[in-house]
Amino acid sequence: MKTLREVPIKSTVKVVKLHGEGAVKRRIMDMGITKGVEVYVRKVAPLGDPIEVNVRGYELSIRKADAEMIEVE
Amino acid sequence: MDKQIRIALAGNPNSGKTTLFNALTGTQQFVGNWPGVTVEKKEGRVRGQKDVNVTDLPGIYSLSPYTLEEVVARNYLIEERPDVILNIVDATNLERNLYLTTQLVELGIPVVIALNMMDLVKKNGDSINVEELSRELGCRIVEISALKGDGVDEVVSACVEAANGTKTVPQHSFSGSVEHALAHIEESAVHDLPEEQQRWYAIKIFERDDKALARLDLPEKTLAHIEEDIKAAEKELDDDAESIITNERYVYIANLMKGCYKKKNKGELTVSDKIDKIVTNRILALPIFALVMFLVYALAMGKSISDGGIAIGTFLTDTANDVLGDAWLKEGSRAILEGWGVAPWLIGLISDGILAGVGAVLGFVPQMLVLFFMLCLLEDCGYMARIAFIMDRIFRRFGLSGKSFIPMLVATGCGIPGVMASRTIENERDRRMTITTTTFMPCGAKLPVIGLIAGALFGGSTWVATSAYFIGIAAIVVSGIMLKKTKMFAGDPAPFVMELPAYHAPAMGNVLRGTWERGWSFIKRAGTVIVLSSIIIWFLTSFGPVNGRFGMVDELYEDETVVTEEYVASVSERMGIPEDEVEPMDDSILARVAQPVSVIFKPLGFGDWKPTVATVTGLVAKENVVGTFGVLYAYDDQDGEEELEENGDQIWDKVAEDYRDFSGGHGKLAAYSFLLFNLLCAPCFAAIGAIKREMNSRKWTWFAIGYQCGFAWVTAFIVWQLGRLFAGGANVIGLVLAVVLLGLFIWQLFKPYKEARTLKV
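Chains as they are written, first to last, in the working numbering: chain A, 82 to 154; chain B, 41 to 801.
Next comes chain A alone, as it looks inside the complex:
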């Protein structure tokens, strides 16, 4: 299973499935990361975490620990 965490920067992936449950999953989905959406990984923060992605036309910062819950292809 490939997750958003492993995606190299400056590449675009498609979300396959979201793992996890409850508040965390809902929050990620509320921000627009849902099944089938394209996510562009823009950069990694200077200290290595979190990462910055572009989704649905805006910039979103997400921790690597949470990016791990997002299965991509």
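Incorrect hints may have been included.
Stated by the list, open to error - With a straight-line cut-off of 25 Å between C-alpha atoms, the simulated DSS-like cross-links for lysine-lysine are:
no. : chain 1 : residue 1 : chain 2 : residue 2
1   : A       : 95        : B       : 275
2   : B       : 275       : A       : 98
3   : A       : 95        : B       : 791
4   : B       : 303       : A       : 95
5   : B       : 298       : A       : 98
6   : A       : 145       : B       : 791
7   : B       : 271       : A       : 98
8   : B       : 303       : A       : 124
9   : B       : 304       : A       : 91
10  : A       : 116       : B       : 302
Honestly, the hints are just simulated from the structure, not real lab data. Owing to the predicted nature of the structure, the values given are computational and were not obtained by experimental measurement.
We have chain A already, so just place chain B on it with the hints.
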């Protein structure tokens, strides 16, 4: 029209909601808090409209039950049922903004959309088919520019019209199996509710939203029946119910976007993207961040302009202090009052008690306004989110957020604005944690205390001052890790994802308003607390029973029939000082109370009344610790602080000698323990006032103060007891207790920890 119209202003963070609210209401605003929570509540009357009021809801992305802001907003919408919802939508970020819209239209309340920043969309060469969008969503859309004030009047009249018109009916529908389940739920569970509210509740029941379910209190049997329908839909769509709904909302919006939104330059970088490429660049981000922080600090709290620095804040505050300070406020008022023939005790109360205290607080105001101005600037232009992005990795390890950096930095200057700067932290848990720990940083007023101890007992060694900063940082780190594992902080889930809003030129109106709001709240709240505490401390140090008579000690000591030689001898014995050093203050209530209270500090090595009095007066302002020592050790002078500087060595010797005496020869250790306690314990009253304001809860304020004092006590206890082991002469019981407490610290630090997943409100 006699009916009052209530508008609820809802929208995403960074959508221009505050700007629109300001444009709508002008100066007629009332700022408060939502009941029981620290989320700010703003209400106001719409300009030029007598009967139209608007309530600013917190900026939210969704109406989920998981964040405090969202729960506050939806509770207001469900319980108060405003006449119309004004939904501000950022046209440059249409897709995600409309997600909230799809939820708002389900509430059965008329919705008007204010489509903000259309000018930017047009500038980018994109286009939005507003008519089509309006038809699809089933509500009126007004194009506005909140910043320029365009379209605001039109929005108001649209809201008034909508309030008197029909309820908005949601136009979107979910997939077959979901609608099937929703129909069942509507039929079996929410049939008794008003028709327009049924849809919203049905969807919430389908999502298994615990807060909506608790509100409805459905019978077990109905729930079990509904559960079957939900399970069937979940099985068919292979996801949990909540995610199905979220997913389908976005699918619907994506389809909507295809029909209404035309993007011209796909993939091309915007100006904001270009700025961000440099500002959060892997290599440049940290130096730029350091530079920005340096500028904020240097401009507000650094070296004053008059001393060759660039700090406008320090310069203004120094000037204000010269004017408001001793010369003008204290001495001036004294002269005037004396001229009027006012009773001496009243002059004392007004000049030394109230005005000196108020002056001390007001003197800080210019500096704070400069600081708040810059913080608002950072917030408004979008850099604050980048600070969190850059610093998050470090701070989240100890239960704080990347945004906790600013309060901590500011607190090295003064704890009050430090605590107040925590307001930019959205997550309540992180904010409380930041407020509780931020005053551990040694503030400017603690520096003289550090200087006193370093000078008196450590020969002016610089490592004492350096260690104070390390202790401050260590206390924050240790507290953060320990507290995040406690029940009190375990309840709310931490932020996991954060929007990085596009940079834009700050709107000066917003920045100035924000600056003033924070400044005013400082003056009001911290002001009242410090006035009260100044009066109390003044009373406690000025009054006392002298040889059977109660009154102002200074006056009674002038009367030789009261203060007889035998009496002086008895005081000298009680306080353990030579007869010729007996001072009026030794008979004050504070000195008398301090004597028995000092028992608390016995296990810390400084259980003597003088350090106890110094600690108590330190609560008024930390630099008072030095002043009090001056008063207590330099008996022939009333103005302790000055005396201490001029005759420093002499007094330091006295302090050192005294410490050696009461600590049984471990003067340095006792002094260090005293320093530790005073650095870490509750901050001054003004900062406590700020804590109370920001916590907005008696319970949490007391928790913070209690935790700080407890942590300070335990730390000093461990250092004193373990220290004596190495210095020789350890107390067995104390040593055992110290080891146990240290063990508890370490256990709490390394105990495994799991992040909570539910929100308790």
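Taking the hints in turn, this is what the structure says about them:
no. : hint            : result
1   : 95(A) - 275(B)  : holds, 23 Å
2   : 275(B) - 98(A)  : holds, 15 Å
3   : 95(A) - 791(B)  : violated, 38 Å
4   : 303(B) - 95(A)  : holds, 21 Å
5   : 298(B) - 98(A)  : holds, 23 Å
6   : 145(A) - 791(B) : holds, 23 Å
7   : 271(B) - 98(A)  : holds, 19 Å
8   : 303(B) - 124(A) : holds, 24 Å
9   : 304(B) - 91(A)  : holds, 22 Å
10  : 116(A) - 302(B) : holds, 23 Å
In summary, the structure is inconsistent with hint 3 from the numbered list given earlier, while agreeing with all the others.
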